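In order, the protein sequence lines correspond to chains A and B.
Going letter by letter, the first sequence gives residues 932 to 1046 in the numbering used here.
Going letter by letter, the second sequence gives residues 932 to 1046 in the numbering used here.
Hints in this document: simulated from the structure, not taken from any laboratory.
All values reported here derive from a predicted model rather than from experimental measurement.
Each hint should be verified, as a subset may be incorrect.
Identical copies carry no separate label here, and so any pair may be met within one copy or between two of them.
Said to hold, decoys possible - In silico DSS-like pairs for lysine-lysine, Cα to Cα no more than 30 Å straight-line: (1) Lys1039 with Lys1003; (2) Lys1025 with Lys1039; (3) Lys987 with Lys998; (4) Lys1021 with Lys1003; (5) Lys1033 with Lys1003; (6) Lys952 with Lys934; (7) Lys1011 with Lys1039.
Protein chains: 2
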Amino acid sequence: MEKNIEISVLCEIYGKLLTDKQYEFLDDYYNNDLSLSEIAENNNITRQAVRDNIKKGENKLFEYEEKLGLMKKTLLQEEKIAIILSELNKIQDKSSDKQVAKILEHIKNELNCLV
Amino acid sequence: MEKNIEISVLCEIYGKLLTDKQYEFLDDYYNNDLSLSEIAENNNITRQAVRDNIKKGENKLFEYEEKLGLMKKTLLQEEKIAIILSELNKIQDKSSDKQVAKILEHIKNELNCLV
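Use the sequences and the hints to build the structure in full.
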């Protein structure tokens, strides 16, 4: 996974465990595509202070992922759900029973709410 | 959920975010059913120090759950999986096709690895 995307995903999962400033700077830098200088100017602090805060935030995100592994788990769950959906389609192709079609629809809806 | 069970579940989910001592004392108290006095004696500290450590650990677990909600999410996922399994059984009851039976088996295996 590309690093920028990885940080965005980790931020979405663990963002609430960061300080407000760490979250805000990471969000500005990775999601809103602001430069270090722009964030520094907006917050009336030095570019170096912004860089330090972002680095600390990133390290915390990687530490949480190492300990809890939620990103990895979510990716695995998404893979499994994709497999299940494709297997459900095989049943759909084999059956012309309207009730089965309805049950399959229900299962797919539940599956899509899982992650 | 009963409080003892709740702490055990939270400990399993977020235990790696606690200090070693906090985790060890919570594990001894809630999972291994040791008394505060026994834990104090084993660690050569006062009963009050054990109680403080346990309290701090519990508060951190509740804080993590408030922020990340993983226990709540897991319980909801388990409910949804139970619904899906019961719907799959309905298809199984309606179909005598051996290939469908095989697909259903595959889906159930994948589902059981999801949470």
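A quick look at each hint next to the structure:
For the homomeric pair Lys1039 and Lys1003, the shortest alpha-carbon distances inside one copy (23 Å) and between copies (22 Å) are both at most 30 Å. In the homo-oligomer, the alpha carbons of Lys1025 and Lys1039 lie at most 30 Å apart both inside one protomer (17 Å) and across protomers (18 Å), since each shortest distance falls under that limit. With identical chains, the CA atoms of Lys987 and Lys998 are at most 30 Å apart both within one copy (17 Å) and between copies (19 Å). Taking the closest pair of Cα atoms, Lys1021 and Lys1003 come within 30 Å of each other only inside a single copy of the chain (28 Å); across copies the shortest separation is 32 Å, beyond that limit.
Taking the closest pair of Cα atoms, Lys1033 and Lys1003 come within 30 Å of each other only across two copies (29 Å); inside a single copy the shortest separation is 33 Å, beyond that limit. Only within a single protomer do Lys952 and Lys934 lie at most 30 Å apart by alpha-carbon distance; the minimum there is 21 Å, versus 34 Å between protomers. Taking the shortest Cα distances, Lys1011 and Lys1039 sit within 30 Å of each other both inside one copy (13 Å) and across copies (11 Å).
Of the numbered hints given earlier, the model fails none.
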